[in-house]
Amino acid sequence: MTASAPLSSILITPWVCFLLAIPFSATLSRTLAAGAALLNLSLPVVMGLAAVSPTFDSLAWLKLGGWPLPLQADAVTFASIVMVKIATAIAILRMPSRMPRTYLACVFASDFALSGGLLSADVFGFVLFSFLALIPMALLQMTWGGGDKGPVSQRFLLLQTLSLSLTFLAFLLVAAAYQDQFGFWTGLPLDLSKADFPLEKSALVLLLAGLWIRCGLFPFHGWLWDTLSLNAPGCGLILALGWLPSGLSAFHRFAIPLFPRAFEMAQRTTISLALLGACFSGLLAWRQNDAYRVVGCWLSLQASLTATAFFLASPLSWTSAVYHTITQFLASGALLLLFESLQPDRGERRYGGWSRVIALTPATRASLVFFVLCLVVVPGSPAFPGTFGLINAAFRNTTWAIAALGGAFLGAAAGFRFLGSVIWVQPEGRGTDRRVISLPQPFWILVFVGALLVAGLHPALLLGPLQRRNDAFWAAFSHRARFLVPPPSEWGKTTKRPFLEETP
Amino acid sequence: MDPVGAPLFLILILLGFAVLSFVLSRHPRLATPTSVAGFAAAELFLIAWSKGRLPSLPFSLETELLSSESGRVEIASLVVLMGATSFLLVHAISDGKRHRGSLGALFLLGTTGGLMSAFANHLAVLAAGLELAAAGGLALTVFPDPGASRAEAFWKSFCFHALGGACFLFGCALLGAHSGSLSLSAIRESMGQVGASPLCTLSFLLIWVGLAQRMGALPLAFAPPDVAEGAHRSAMYHDTLGRLAPLAAIGPLFLDTLMPVKSLWIPCLWAIGAGTLLWGCLGALAQDNLKRLMSYLTQAQIGWLLLGVAAAASRGEAFSAFVPSVLLFGAVNLGLRAGIAALQQEARDTDVFQLSGLAESHPLLSLWWTLLCLAGAGFPPTGGFHVQMSVLRELAHRGSTIPLLFAVAGSLTASASYLKIVSYLYGRHSHDPLPLARAALLPNACTAVCAWLTVALLFLWK
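Sequence order for the protein chains is C and H.
Throughout, my numbering is defined as the position within the first sequence, counted from one, plus 30.
Throughout, my numbering is defined as the position within the second sequence, counted from one, plus 724.
Calculated from the structure, these hints are not laboratory results.
Cβ coordinates follow ideal geometry from the N, Cα and C atoms, glycine included.
Treat the hints with caution; some may be incorrect.
[As the list claims (entries may be wrong)] Far from chain C by the CB rule (all over 10 Å, computed), these chain H residues: (1) SER1139; (2) GLY1151; (3) TRP1176.
[Unchecked claim] For the chain C half of the interface with chain H, some residues (derived, Cβ under 8 Å), not all of them: (4) LEU158; (5) LEU188; (6) GLN297.
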């Protein structure tokens, strides 16, 4: 069985859904679009089941206007695509009454582009799809955002354009240096380690800078919580469940494998900067009063920890990063939806003020507690195993481990402050939380809870079907990355290792 | 017909139709179809030439002043296409039937000038072609009725035009003096055998200054924004046909003839390209007037294109994406100006904030505008992404990072201005929106066609 059908159909079905929904009235369009989006969600499941087949080819080809576009999926991208589809379905149910068809077009376009970026095995294809995803996200902010949407959306667009331009430049430098063998990234190891590439360091710096900005890592984090503060319907979900995971996955899909030598030299710097960002974001989260900005700080913190896990480049840290990514972004997406339902008509955005005007239902209180505990990785939450593995991997260096723990503790402190301000304060008002999407609140909360439980506590269900793909990928990856991972007996020592070892 | 005589025949066809249009100018119902027929005849002739099916003539039209290389047919087709499209658009928005008759003659003459530049094999023909191409733009500045702003635009444009023309002619004279001939073939031989001298370097500099003025590039780039604000029709002409003629001249003169001495003129091209990109980007950031904004962005596009030409020429090759880039920039500029024409009928000044809320009242027009702005900014799914990728690829082949980073910075700055338009379309609400005119079918259609062309270019690009 080949991969062409399920992988290609993931990209084509958003447009089919859009064409189905557009000709009808707004209400019928939303119903049809939601049904089609749920069908769209089943495709990654089909892809996962197909991957179990021993004859499953890992590489598929999609013809787009005469362009052969290679597609490939591994564990991280598979899970990320599921999250993108969840975000699409929920965003459709959140359809506003103003310009509904334009909204549907933006949501499906972002679905297509984010899925394409996650599936693309071609580096230029990744950049192309990322550019395509920017436009609908920017339109969502510009058209339906609140507050100061003009400058914030422009800032988002320009910063992300800068990040993609830097990423594109890095790939271009590689392509220019290796024109003969560099046609596309097939998923097979592209051996650049023995060739002379004078601009390798420059290209790596450009690529890391681009991905750093994209993922909202310190010091390029400000756009993230400003964008979330706009509260554009659907945009926060797409950002948390699609854009950020896609950027983080690019670290392990492209950055590390393409520049092994330069990355070895830069490993300490990148990990240190990421952990600094984690601590800084945790500290900022503690200081925030605005609910959306708090989630933005948490997202930045978790993205920093995920990036650290990828940079550590060990099987344990990589696996931890996968769980960490999935659970954190699912929890943040659920929180963003909950916050929308909690905002009273007076527009109070300080979470300390909510409890004075809204009488929270028990289900809402329990949901808030559950998702916040997941997001701040409290032991016992479904998100804890991933972060535990990450910190365990970081113990290769004591300073790194302490910094990772520090960032996590600061984020947890902010979480408890949030819960204390919202959950355990007696309400003075009489209003209740309002309905913002078409589905009843308990239903979609259960969707998120179920996804988190599956992701956090049952890794075999999530990664098992693709374990063979993971093994093959890791074998190829670690062939080049082995010099980055010293044996446990050398952890904590400062001896310099040769950066390449020949395979026996 | 022998292809050797084809360029001259083509130019004679166009001149003939131009004269006929001028004679019939008092009868617009005859003049306009005559002009359209002239463009159609020229395009059909070029198509037949490209397929090797030229009609046979009983007389010979060979001349050494024009080159009949088949590689120039593509850009010649582009010149005719741009001329026809801009003519139809200006014709549609012109007030008063009695003025429309002369428009065809102006555009046909301009197109003739562009073809002379494209097929030139002699410096005098090149200079004449550039003058002819620019004359139409000057005339349109005060067309149909001169007002204060149009008069100011005319005089500014005329002074810079004269200065640029003088520099170009002086440069040609110096080059001719060094080579002993004004024929491009002889100059090529001379450069190959004798090499260059300090006099040559001065001549290259002067020629580039002259060409840059025609393109609206530095160092004489100060007139186009004022012309764009005061004389919208002239800007439509200048942004398409007026810029295409000097761009068409780069190939025959520098890439074919002066390539043996490229080390002497490429630094000049780098400086003009980088400076124009910087000028256009920074100027656009400060603009609120939509027409001036677009004029500066057009200059930034020219700078971007020249950087690609310079990067390719430094490797001794022609810029592979030259024709698609020119086509894309022409589509973007024409489409955006057609959109302004659809809005401008009632209002005199067009500020950016007046586009607020257009997405709600006119979603389709806003969609075309968005596609055109995305094409100008270099975003997929438009051909602008390919243009940017091509230029960056050429710069990457040089192996240094600084020009790449400069180009990216320039692109981002220009994108900010394009995206400002989009943000006003979708992100703002206005209590006093710009009224959409009485039915302006042709400008709306032109905007739509140009927008779809920019998308189609992404898939048709080879």
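- Would you check whether GLN297 (chain C) satisfies its interface hint, that is, whether its CB is within less than 8 Å of any CB in chain H? Where the cut-off is 8 Å and the nearest Cβ of chain H is about 22 Å from GLN297 (chain C), the hint is violated.
- Beyond 10 Å from chain C, beta-carbon-wise, is SER1139 (chain H)? Violated: least Cβ distance 6 Å, not greater than 10 Å.
- Message: If we take the beta carbon of GLY1151 (chain H), is the closest beta carbon in chain C still more than 10 Å away?
- Response: Given a closest Cβ separation of 4 Å, the condition is violated.
- Task: May I ask you to test the interface hint for LEU188 (chain C) with respect to chain H, counting a Cβ-Cβ separation under 8 Å as satisfied?
- Result: Check passed: Cβ of LEU188 (chain C) comes within 6 Å of chain H, closer than 8 Å.
- Task: Quick one: work out the minimum CB distance from TRP1176 (chain H) to chain C and report holds if it exceeds 10 Å, violated otherwise.
- Result: Per Cβ check, TRP1176 (chain H) is outside 10 Å of chain C; nearest 14 Å; holds.
- Query: Holds or violated: LEU158 (chain C) as interface residue toward chain H, Cβ cutoff 8 Å?
  - Reply: With a closest approach of 5 Å, the LEU158 (chain C) hint holds.
The structure fails to meet hints 1, 2 and 6 from the earlier list, while all remaining hints are met.
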